[in-house]
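Add chain B to chain A, keeping to what the hints say.
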Amino acid sequence: MTLRNLTASADLDSRRMFLSGMARSLLGVGALASFGPTALARALNQDPQDPQRLVLGPATAKHVIYLFMSGGMSHIDTLDPKPGRPTQGPMGVISTRADGVQLGEHLPNLANQMDKCCIVSSMTSNQGAHAQAQYLMRTGYELRGTIQHPSLGAWCHRMLGRQNATLPGHVIVGGGSDMPGAGFFPPQFQPLPIGSADEGLQNASLPGGVSESRFRRRLELLGQLDQTFAQRHKQLSVNSYSQAYEDAVKLMRSSDLVAFDTDMEPASLKDAYGDNPFGRGCLLARRLVEHGVRFVEVVAGGWDTHNDNFDRLETLLPPIDQGLGALLADLDARGLLDETMVVLTSEFGRTPDIDQDDGRNHYPKAFSALLAGGGVRGGQRYGRTDKDGRECETEPTTIQDLNATIAHACGIPTDYVVTSPSGRPFRVADKGMPITEILA
Amino acid sequence: MSPRQLSLLPLLLAPAVAQSKGKVDFERQVWPILEKSCVECHRETHTDENGRTVRPKGKVMLDTAANIARSKGGKLFVAHEPDDSMVVESISLPADDEDRMPPQKKGPPLSKEQIDTIRRWIDEGAEFGKWTGEKAGQTEKPKPSTGKTGTQPKAQPKKKGPSPLVTLAKGLKPLDEKTLAGFADGPFQVQSVGDDNPLLTVTACGHTDEVNDQSLARLRPLQEHIFELDLGRSQVGDAGCALLAKMPRLTHLDLRQTKVGNQGVKEFAALKELRSLNLFGTEVGDYAMLALEPLEHLEKLYVWQTEVSAKAVVRLRELHPELRIVFSADLPEAGEGDDAPAPRRR
Numbered sequence: 001m002t003l004r005n006l007t008a009s010a011d012l013d014s015r016r017m018f019l020s021g022m023a024r025s026l027l028g029v030g031a032l033a034s035f036g037p038t039a040l041a042r043a044l045n046q047d048p049q050d051p052q053r054l055v056l057g058p059a060t061a062k063h064v065i066y067l068f069m070s071g072g073m074s075h076i077d078t079l080d081p082k083p084g085r086p087t088q089g090p091m092g093v094i095s096t097r098a099d100g101v102q103l104g105e106h107l108p109n110l111a112n113q114m115d116k117c118c119i120v121s122s123m124t125s126n127q128g129a130h131a132q133a134q135y136l137m138r139t140g141y142e143l144r145g146t147i148q149h150p151s152l153g154a155w156c157h158r159m160l161g162r163q164n165a166t167l168p169g170h171v172i173v174g175g176g177s178d179m180p181g182a183g184f185f186p187p188q189f190q191p192l193p194i195g196s197a198d199e200g201l202q203n204a205s206l207p208g209g210v211s212e213s214r215f216r217r218r219l220e221l222l223g224q225l226d227q228t229f230a231q232r233h234k235q236l237s238v239n240s241y242s243q244a245y246e247d248a249v250k251l252m253r254s255s256d257l258v259a260f261d262t263d264m265e266p267a268s269l270k271d272a273y274g275d276n277p278f279g280r281g282c283l284l285a286r287r288l289v290e291h292g293v294r295f296v297e298v299v300a301g302g303w304d305t306h307n308d309n310f311d312r313l314e315t316l317l318p319p320i321d322q323g324l325g326a327l328l329a330d331l332d333a334r335g336l337l338d339e340t341m342v343v344l345t346s347e348f349g350r351t352p353d354i355d356q357d358d359g360r361n362h363y364p365k366a367f368s369a370l371l372a373g374g375g376v377r378g379g380q381r382y383g384r385t386d387k388d389g390r391e392c393e394t395e396p397t398t399i400q401d402l403n404a405t406i407a408h409a410c411g412i413p414t415d416y417v418v419t420s421p422s423g424r425p426f427r428v429a430d431k432g433m434p435i436t437e438i439l440a
Numbered sequence: 441m442s443p444r445q446l447s448l449l450p451l452l453l454a455p456a457v458a459q460s461k462g463k464v465d466f467e468r469q470v471w472p473i474l475e476k477s478c479v480e481c482h483r484e485t486h487t488d489e490n491g492r493t494v495r496p497k498g499k500v501m502l503d504t505a506a507n508i509a510r511s512k513g514g515k516l517f518v519a520h521e522p523d524d525s526m527v528v529e530s531i532s533l534p535a536d537d538e539d540r541m542p543p544q545k546k547g548p549p550l551s552k553e554q555i556d557t558i559r560r561w562i563d564e565g566a567e568f569g570k571w572t573g574e575k576a577g578q579t580e581k582p583k584p585s586t587g588k589t590g591t592q593p594k595a596q597p598k599k600k601g602p603s604p605l606v607t608l609a610k611g612l613k614p615l616d617e618k619t620l621a622g623f624a625d626g627p628f629q630v631q632s633v634g635d636d637n638p639l640l641t642v643t644a645c646g647h648t649d650e651v652n653d654q655s656l657a658r659l660r661p662l663q664e665h666i667f668e669l670d671l672g673r674s675q676v677g678d679a680g681c682a683l684l685a686k687m688p689r690l691t692h693l694d695l696r697q698t699k700v701g702n703q704g705v706k707e708f709a710a711l712k713e714l715r716s717l718n719l720f721g722t723e724v725g726d727y728a729m730l731a732l733e734p735l736e737h738l739e740k741l742y743v744w745q746t747e748v749s750a751k752a753v754v755r756l757r758e759l760h761p762e763l764r765i766v767f768s769a770d771l772p773e774a775g776e777g778d779d780a781p782a783p784r785r786r
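Quick mapping for you: the protein sequence lines, in order, are chains A and B. Heads up, the final residue of the first sequence is numbered 440 in this note's numbering, and it's a clean run with no missing numbers. Heads up, the final residue of the second sequence is numbered 786 in this note's numbering, and it's a clean run with no missing numbers.
If we strip away everything but chain B, and leave its shape as in the complex, we get:
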């Protein structure tokens, strides 16, 4: 225990003596404190009202009994040992300490009584009683917009369902080490999409001259797992597209500056989960745009520096008003060079 904490001891202990002897009831006495001051930032990864994924701050989750018990490897609340419990230290720090919880800019410090309640609850064994967690299905009420952060984004992203990272991973078994180990020698770089998700991100970056329609076949064992595939600037052409069309979980496909053309893109009608397709700098044309019409989930399509006509873009936009089609670059006019006239002096 640090001297700083020791100096707090009298403050912490005094009310403890004054209070009633009854055992602290988690649901009635501790949970309201956590709910009011902690859970907004410290709850399981969830989707907020704007469809954004919010992860728990510092991987600390205080929303269910199981999460409270396992956060920080169980060191947050150590039964019968309030002084060894990390939570007690962080809520007891002075207001200007950057480790103090709740942080100064998020909310007021806990009162001495609240801190004492938590200490006593730990001291008495940190038992939850019948409480298991925040009630299932209970979502945070959307906060009324205060307008205090100035400008709101022009269009709030509309509420989306769960991320495809979650839905597409459902029921998918991770690939075995042996299959994946085969990729250690290139030319593809394979990685997980993050956290403990069986979906894969694959890129040809760094080996673009070795990745072609033949070497692409090496991805066959991964075809169920590929979520994101970057073949930009590689030697892949139309012949390789048949294999790409057999990747049911492919959501992001980058084929910028490849030899892929209309014949290849025709295959992509099968890619029902596709969200983003990059065809920048390829030879695709209006025929390819027709092939993309059935793709319901497509959100972004890049066709700058291709043969695609404005007419085809307009047509696809009419069919899919939500789809963002980028077919030109909003570049500035040529700027002044170094030899620009010197600015006027006052």
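Here chain A stands alone, though its shape is the one from the complex:
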């Protein structure tokens, strides 16, 4: 952690606040104490009356595992089936552990965990192109040429601080390089990308022939070389980059580095998650949140099923069902599901109408997301689409509303404004409103 409320100082508008707050939390001084907003503000030389001060609300979630189905997951074939309607296609429907909630037939393990999940079936957006829609989903803002928005993971990292000062605040498994990260936030809020969960964290040990003392001398030399520059240019960005080096060294020396090693798990558990990149990604995500990482995104691709939708879903869905089913069961049995919110989402749904290639095409007007844990009341469906899955009939929910719900559960005030370096105001989920009805 770092402290709820101490992170008030995350507001980079004030250099002094930056140094007293973020630097302490990120440079590994270790634990920081937060003492209720007023005492804390005094301890940080802040004005307790300052309306800009960040005061976190009570949180039901401490961590987020965000599973992103890249390419556009068909809502009708997965979370929002329409049995008996022509739009359903050849795919069957199964009942679940939640009364009245049905799923597509390839999700039996998820069906078994539905008592823990809430499906938001009335997601709606107007972005029907992959890049724009993915950007919107991850940041809550439309893609613009003039600014890079921080992702939800970067917001969580910045607002909540790290729980484990030696591990990154935000990790992306199976993606990262082409995705929004820190955006206009300073570079230390950039996520750590892990290419493959199997390989874990690469290049985290000293190269052959470099001893610990030699490594230390090299770091000292680096420090000396940078010193004059850093003194001459006392800027946050300079500070932030040297912090990135220190973070990397801290990570290399962390006793929690084992968090990245899924091979330490028993074979039976690895099998339960599934021996494939997504299953292993879910297992890695569980290990990371267990060790205090705030936000882990696992990316699974291949959902852009313009043709052979049904055949391809037969291959695509089982690993997701297996990995997600295992993740929910495992988190629950360890007592971690109460404090970890699991989100399954995609940039949009797919057309209710099946085209001549047995395909379904991009469809942002109505689609589904799934939330579980971290204070979400399970066993329910929120919102409803019409009988063919074309329109949201009740409770239309924007992408910003979904992000606001996640942020709200983490205790991040959705009306807190962070100003970009260019002076523009931004909020964690733009103007989204949290769906408090589905939270405990």
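There's no promise every hint is true.
[Unchecked claim] Where chain B lies over chain A, by a calculated footprint (3+ residues, C-beta under 8 Å):
no., stretch
1, 267-280
2, 334-344
[Unchecked claim] Distance condition first, Cα-Cα at most 20 Å in a straight line; then the derived PhoX-like pairs of lysine-lysine:
no., chain 1, residue 1, chain 2, residue 2
3, B, Lys476, B, Lys499
4, B, Lys686, B, Lys610
5, A, Lys431, B, Lys512
6, A, Lys431, B, Lys712
7, B, Lys545, A, Lys431
8, B, Lys712, B, Lys610
9, B, Lys499, B, Lys546
10, B, Lys512, B, Lys499
11, B, Lys545, A, Lys365
12, B, Lys706, B, Lys686
13, A, Lys431, B, Lys499
14, B, Lys740, B, Lys751
15, B, Lys515, B, Lys499
16, B, Lys497, B, Lys545
17, B, Lys610, A, Lys431
What the hints contain is simulated information worked out from the structure, not anything from laboratory work. No residue lacks a Cβ here, since even glycine has one placed at the ideal position from N, Cα and C.
Below, chain B alone, put in the same frame as chain A:
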């Protein structure tokens, strides 16, 4: 004033002229508008009929005179200055503007007459008269279930009293800065539970190798204030449990994968407020289950991968039918690997 608002001016002013000259009475004319269109979302944090905590949207509260006056730092209603009052702008925006209040999906816009009444009331000084707030003790009527959101949760959570976050904080003085500052160097991370509450959340996460029965003693000055304590994966064992038992406000205790066993858990009979106890991956057994029997408030108990027997679980369940005891994991059968047969092609 934005051009958009200017264009609305004639609309807003016209009925003002037409209406009677009498001063607007808040309780009779303005409050009914707020009550009908605003207060459902904009009222003080309260507990709804399902026992859930509902916070005011956007921190705007319109349920009492004091709340109306202080919401948004007093900028919501600026006496004599309707054009500087944020509320006038937000209710006057076009229906499709995302900042319009009430939001499109929550309710219909206010009528021109209603907007005008609010404007005039502000213009005349925004005085409440004798009205101080929504009548005390008056709770929202439970809404009849419309069933329109499809599936209802299987079991509605039963009505609970106020949250322990509130009851346990009552009368508790916040710790002084000096005591808390002592924790800046670890190994514990201490934070407030949120908002302005003196209760504390403490975790050993990130320093699990330094937290043991000896270093645990450093929490002694915080023992009255700790609400939630995460010692998961730390080196704490039975010897440290005596101190834990002296934390009267402890509601959540996480000891997963520690060396705590039966002897330590025996001490927890004193933790009368305990709601959740995580003993996953410890060596506790049936003897520990007996020690937990007197805990009236316990809601969740995690004993997967321990020595606890099914028989002990059944016994504790009989005594506490409401207690959720997790002693197994509902994991899927082993899945197909990458070498699963390729799907059939059409």
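We went through each hint and held it up to the structure:
no.: 1; hint: 267-280; verdict: holds (count 9)
no.: 2; hint: 334-344; verdict: holds (count 3)
no.: 3; hint: B:Lys476 - B:Lys499; verdict: holds (19 Å)
no.: 4; hint: B:Lys686 - B:Lys610; verdict: holds (19 Å)
no.: 5; hint: A:Lys431 - B:Lys512; verdict: holds (16 Å)
no.: 6; hint: A:Lys431 - B:Lys712; verdict: violated (42 Å)
no.: 7; hint: B:Lys545 - A:Lys431; verdict: holds (14 Å)
no.: 8; hint: B:Lys712 - B:Lys610; verdict: holds (17 Å)
no.: 9; hint: B:Lys499 - B:Lys546; verdict: holds (17 Å)
no.: 10; hint: B:Lys512 - B:Lys499; verdict: holds (8 Å)
no.: 11; hint: B:Lys545 - A:Lys365; verdict: holds (16 Å)
no.: 12; hint: B:Lys706 - B:Lys686; verdict: holds (13 Å)
no.: 13; hint: A:Lys431 - B:Lys499; verdict: holds (14 Å)
no.: 14; hint: B:Lys740 - B:Lys751; verdict: holds (18 Å)
no.: 15; hint: B:Lys515 - B:Lys499; verdict: holds (13 Å)
no.: 16; hint: B:Lys497 - B:Lys545; verdict: holds (14 Å)
no.: 17; hint: B:Lys610 - A:Lys431; verdict: violated (34 Å)
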